[in-house]
Amino acid sequence: MKRIYIIATIIVALAGIVSMSFVLTPSDIMIGQRASGHGNGLSMEEMGQEDIINDLTARLRERGVPVVFVQMIKDDRMAPPIVVKFVLQSSSESDQVAPEDPIYSNVVGHVVNLAQKRGLQAGAIGVTILNTKGEVLSSTTRVTQEKEDISSRFDQPYELDNDTVATLLRQRLPLYGMSLQKIEVSLDDDGTRWAIVDIRVPDIEVANAGIASFMWKTRITIEELNLDEKTQTAIYQINLSTPDGEPLLKYVNDLQLGRESWWQVDELDKNWFPHPPLEE
Amino acid sequence: MKRVLTALFISVLAITMVRAHPAYADWWVGNSQTSAYGIMADISTPSSAPYLEESGESNWVSTDGPYWLQAGWRYYDGYSNARPYVEYNTAGDYDLTEYGTQSWDTSKNYMVYAGLVNDWGAAIDYVFKQGIDDIGDPPRGVIAYSEVHESSNNELDTWFEDVYWKSSGSTWYVFNQDNFRDDEPYAVQEVQYYEYRTYGP
Chain D
1 MKRIYIIATI IVALAGIVSM SFVLTPSDIM IGQRASGHGN GLSMEEMGQE
51 DIINDLTARL RERGVPVVFV QMIKDDRMAP PIVVKFVLQS SSESDQVAPE
101 DPIYSNVVGH VVNLAQKRGL QAGAIGVTIL NTKGEVLSST TRVTQEKEDI
151 SSRFDQPYEL DNDTVATLLR QRLPLYGMSL QKIEVSLDDD GTRWAIVDIR
201 VPDIEVANAG IASFMWKTRI TIEELNLDEK TQTAIYQINL STPDGEPLLK
251 YVNDLQLGRE SWWQVDELDK NWFPHPPLEE
Chain R
281 MKRVLTALFI SVLAITMVRA HPAYADWWVG NSQTSAYGIM ADISTPSSAP
331 YLEESGESNW VSTDGPYWLQ AGWRYYDGYS NARPYVEYNT AGDYDLTEYG
381 TQSWDTSKNY MVYAGLVNDW GAAIDYVFKQ GIDDIGDPPR GVIAYSEVHE
431 SSNNELDTWF EDVYWKSSGS TWYVFNQDNF RDDEPYAVQE VQYYEYRTYG
481 P
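Same order as they appear, the protein sequences are chains D and R. Each residue of the first sequence is one higher than the last, beginning at 1 in the numbering used here. Each residue of the second sequence is one higher than the last, beginning at 281 in the numbering used here.
Next up, chain D with everything else stripped away, as it sits in the complex:
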């Protein structure tokens, strides 16, 4: 296992070096650098790199994210010139991610965003997901986004309690022939309001008949409730499964970061999101 971690570290380090190759040259239309970074507050030197890594690791593990390790890499092409790289352990034994892996990746972005509000200076986030054999399933890098302060969009303290928000969602979510099993509304330890919606369908045909309309209508409903009823749901999750509990879709939408992450069975309709034609 130690050897796997060492190999994974080397792979991640190499990927970090080569994945940012976009120097602007006259003959090659490439990428410039993003404008200046985020926030005020403590610098990395003041906070201590080891403390930052330990803090991020602990916060993610408290949320159930299977962190293998975290590292911070200097990269002058980023602004600020730091890439925070996360390696996560998937439960998958194959070459496909497990259903919960995209959710974990999304949570990483959320936790880093919160850390930025506390003064973390980071120009980009790297997330690598390993299967049980230590093989890389997915390796991505994204610039951190310049977003308004969370508190200015999802004001705290909240006007409504979690139960009231859950009731409103229960009343308003369109189901398109699917069955609502449960809605859970809760607050993160940082105060972020989450809604988790569990949906059941008897089979894939029923799911495919309604999933496209359900996904875009659910987003509209939650955003309208946020606007009209002050429900302030910042992040919502949708879990779609069969009566046997077999997952068909695991989805999370962080409305603060404008980021959706999901896993779905291949047979589930894909027309609710942009994608290349399947036959090409």
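Hint data in this document are derived by calculation from the structure and do not stem from the laboratory. Among these hints, one or two may not hold up.
Chain R stretches covered by chain D per the calculated footprint, using a threshold of three residues with CB under 8 Å from any CB of chain D [unchecked claim]:
(1) 326-338
(2) 349-363
(3) 377-390
(4) 408-419
(5) 425-434
Chain D side only, calculated, beta carbon under 8 Å to chain R, not exhaustive [what the hints assert, rightly or not]:
(6) Asp95
(7) Gln96
(8) Ile103
(9) Thr132
(10) Glu135
(11) Ser138
(12) Thr140
(13) Thr141
(14) Trp194
(15) Ile204
(16) Ala212
(17) Ser261
(18) Pro276
Backbone N, C-alpha and C define an ideal beta-carbon position, used for all residues, glycine too.
Mind docking chain R on chain D? Use the hints.
Then chain R, alone, in the frame of chain D:
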């Protein structure tokens, strides 16, 4: 007898056309290049918000599938503006991130490109947004399409200009292949292989 056969033929044809696009459906129109190390295009928004009966539309550059990296703008029912985004799918890990807004009657550059050692990146207006491994080695088919979701009554009016593909030597060339795709009731107004308008219904 002739009238009966004609009516039967028309009925079968109509049923076939309806089944070609079931209720949950997408339509794709635009052009593509069969083998490249990247793609970029200036993609405009229409002069005002298009009518949407339901769901929405996206206008993008992308690698082909089954795993892909894509950048473009999308507009859905409930949105005030078009929203630039980057999306990927690798090993069943799907992700889509929106980056601000794109005003009506404006153009942005969207780019997906291969970097070193099988890495791919996406940029909006020449600013790097996301990079990804494991979507497949270059060269790949690259696509510059409009995609309409769910309803063929959704309006489409998008210009793709300066559509380039990238060679292995990191040189960018204008699209030089006729791989135009219509998808009724949406069509392509072809000016050049690298300049065209997608529109409909």
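Going through the hints against the structure:
For a cut-off of 8 Å, the count of residues in the region 326-338 of chain R with a CB near a CB of chain D stands at 4, and the three-residue condition holds. For the region 349-363 of chain R, the proposed coverage by chain D is satisfied: 7 residues have a C-beta within less than 8 Å of a C-beta in that chain, meeting the threshold of three. Against chain D, the region 377-390 of chain R contributes 3 residues with a C-beta closer than 8 Å to a partner C-beta. That satisfies the three-residue criterion, and the hint holds. With a threshold of 8 Å between beta carbons, the proposed coverage of the region 408-419 of chain R by chain D holds, since 7 of its residues qualify and at least three are required.
Given as covered by chain D, the region 425-434 of chain R passes the check, having 4 residues with a CB less than 8 Å from a CB of that chain where 3 are the minimum. At about 6 Å, the closest approach between the beta carbon of D/Asp95 and any beta carbon in chain R falls short of 8 Å, and the interface hint on this residue holds. The interface hint given for D/Gln96 holds, since its Cβ lies 4 Å from the closest Cβ of chain R, which is under the 8 Å cut-off. A hinted interface residue such as D/Ile103 counts as satisfied when its beta carbon comes closer than 8 Å to some beta carbon of chain R; here the least separation is about 10 Å, so the hint is violated.
About 14 Å separates the beta-carbon of D/Thr132 from the nearest beta-carbon of chain R, more than 8 Å, and the hint is not met. For D/Glu135, the interface hint is violated, since its Cβ never comes within 8 Å of a Cβ in chain R; the closest pair sits about 10 Å apart. Proximity of D/Ser138 to chain R holds as hinted, the smallest CB-CB distance being about 4 Å (cut-off 8 Å). With a least beta-carbon distance of about 5 Å to chain R, the hint placing D/Thr140 at the interface is held under the 8 Å criterion.
Interface restraint check for D/Thr141: the shortest CB-CB distance to chain R comes to about 4 Å, inside 8 Å, so the restraint holds. For D/Trp194, the shortest C-beta to C-beta distance to chain R is roughly 19 Å, which exceeds 8 Å, and the interface hint is violated. Of the supplied interface hints, the one on D/Ile204 is violated, with its beta-carbon coming no nearer than about 12 Å to a beta-carbon of chain R, more than 8 Å. Interface restraint check for D/Ala212: the shortest CB-CB distance to chain R comes to about 5 Å, inside 8 Å, so the restraint holds.
Below 8 Å, beta-carbon pairs count as interface contacts, and D/Ser261 has one with chain R at about 5 Å; its hint therefore holds. Because the closest C-beta pair between D/Pro276 and chain R is about 5 Å apart, less than 8 Å, the hint holds.
In summary, the structure is inconsistent with hints 8, 9, 10, 14, 15 from the numbered list given earlier, while agreeing with the others.
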